[in-house]
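There are 2 protein chains.
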Amino acid sequence: MPLATQDQNRLDQLHRRLKEQTEMFLGYPVAKDFDCRALARFLELPLNNLGDPFAPSTYQVDSREFEREVVTFAAQLLRAENDSWWGYVTNGGSEGNLYGLYLARELFPQAMVYFSQATHYSVSKNLHLLGMRHIMIRAQQSGEIDYEDLRETLRIHRDKVPIMFANIGTTMTEGKDDIGKIRTIFQELAISQSYIHSDAALCGFIAPFLNPRPAFDFADGADSISISGHKFIGSPIPCGIVLARKRHVERIARSIAYIGNLDTTITGSRNGLTPLILWTAIKRLGEEGFRLRVAQSLTVTEYACDQLQKIGVNAWRNPNAITVVFPSPSSQVRKKWQLAAAEGVAHLLVLPNVTSVQIDNFVADVANDMGRS
Amino acid sequence: MPLATQDQNRLDQLHRRLKEQTEMFLGYPVAKDFDCRALARFLELPLNNLGDPFAPSTYQVDSREFEREVVTFAAQLLRAENDSWWGYVTNGGSEGNLYGLYLARELFPQAMVYFSQATHYSVSKNLHLLGMRHIMIRAQQSGEIDYEDLRETLRIHRDKVPIMFANIGTTMTEGKDDIGKIRTIFQELAISQSYIHSDAALCGFIAPFLNPRPAFDFADGADSISISGHKFIGSPIPCGIVLARKRHVERIARSIAYIGNLDTTITGSRNGLTPLILWTAIKRLGEEGFRLRVAQSLTVTEYACDQLQKIGVNAWRNPNAITVVFPSPSSQVRKKWQLAAAEGVAHLLVLPNVTSVQIDNFVADVANDMGRS
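Protein sequence lines, in the order shown, are assigned to chains V and Z. For the first sequence, position 250 matches number 250 in the numbering used here, and the numbering has no gaps at all. Here the numbering used here runs 1000 ahead of the position in the second sequence, where the first position is 1.
Check before you lean on any hint, since a few could be wrong.
[Unchecked claim] Here are the computed lysine to any residue pairs in the SDA-like style, where the Cα-Cα straight-line distance is at most 25 Å:
| id | chain 1 | residue 1 | chain 2 | residue 2 |
| --- | --- | --- | --- | --- |
| 1 | V | K246 | Z | S1124 |
| 2 | Z | K1032 | V | D52 |
| 3 | Z | K1019 | V | R68 |
| 4 | V | K246 | V | D306 |
In case anyone wonders, no lab produced these hints; they're calculated from the structure.
Sequences and hints are given; from them, build the entire structure.
Put into structure tokens, the structure is as follows:
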């Protein structure tokens, strides 16, 4: 049965509206320069990457071979040792964080979770879901965790294994916790058991190309890492990659083995299209392409920050960040450019598709706005 | 940057293989007769139905208006009272079950969860994740819960609020728990507080059209219901619908209000394409279309069961089920038709796209197989 004309029209209108909205779009960390034309035909098929991408499955209409290549690329980029890791393509960064925290809870059921006050609210939601005890630590103005507060708080709770939820790019200012410094604190306090999860939703595919390279990945001591697929990489469908040390995942597999199934993913039926989207991005760009993408974003970010400062806006950014932070403009400007604001502060995110022309237009709007007020 | 030729070829090969695999496909509850051609263009856009579909959002590249229509259609079909329900489009049936159980835990933290041994393994996984106490109840051969075992077990644990996880179509035999009978048991035992979640992954859009109508929905006393979108409705991307009584969701919203955000979904960033896929299916079919779809499936299911019996296979099905159960054929036949088997039993699922010609081919393979052995 075909769609009725009025329904077809509504889809057409939606598509037009969304195309317009996508043009005016600087406030979210979402790249828009993906090209999925080669993948539209997969919408004819009941693709389903059921269960563990590394385990055999009777369901054959899958893209798990491509999914394995995606997570392998990410594992190499994030310096996981060969054969020491496991991972899958998730429905987004939150699921990856839930997975990392779940692993940590299975390993250390009596542990205490620490995270900074600049952490995304979804993490508190996840911790509530998992029933995990947690303490919020002060953040510096940059969004990076306050190491002194962390040290003093850990000192008081030395009887509990610490689970560190580290932000590798906070939502508001792109502050990055340094897991090297965090491990040093653990050592100084003679803490022998711990777990570190890196929430690298935005920066998972940025940080490996920065100089100095932030301390956030497996070689730096992370036990699990979550990355968003629809942020820096770019995907029309929210998705992500979660990676974890294989020995932790094997432990969780044992703890649920009584269920009679070794599916250690959070969901059962899984999207088979998003692994193809990420695979296409990775094949198109390669490691060198991502390096260029990062360099380009950083150049335009610096330009945006400079231009805002030139018109008298108190704009700033963290070193090597693609987020520019500034006092919130009027609600009209925020609405037009879809800027989220909190506590009088707004930010713009200079993903690789953002051009200096867009920045000029935006800065002109802010200047007009200042003239009016 | 375009894809290299060898990468393009790999996608072409994958597409060809999946198309073939999709033809030979009777063992999973996945309809294949969707038509998403009108939606391929949305793969150009960074669609994201961030957060609660009923709450305002600054992220405008969304399809939340269409999502609200999808969940409203489902709420009416499942006899929720006007303005008394809430819901959203999930990434699949499992997420809906996790959501229902999470709501139940927030309402009754000390409760005991009951579910039959015919329940899908993902439910144990969810309960483990949520840290909820639970007892597995015997199932009848049909897959329906053993009410006597349930009654006796409830009697022993009358000090704890019961949370009933009801299967409205088990994975293996499509057995349906009768929540009317379950409520009667609660009443007989003078249990005044309880929670019932209906897992209607396969049957959510089938059961409303059956005669007699199974007792499973809001009018029958369910507190939350989860439905898969990629099963009977049909979607190339795993998805689902979860609905719950609004007063329960408001309660959960209060319990996480300290987070400073009223997003009560499990995930944050959410797929904006799957609501459009479900919307298109609902607009194309309407309630009358789904009724026909159910009738057609039942006719072909009866035919499949008859034909298997005619060649001497001990096939059977539950009343009004689209699942035919029979002793497992050889692994060649299972592999060819992608049949899952457990404990010597296999099943085929007669979704609306399955034709009597396919059934004839399948039955011929089984007959050949029997001749050889």
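Violating hint indices (sorted, rising)
4
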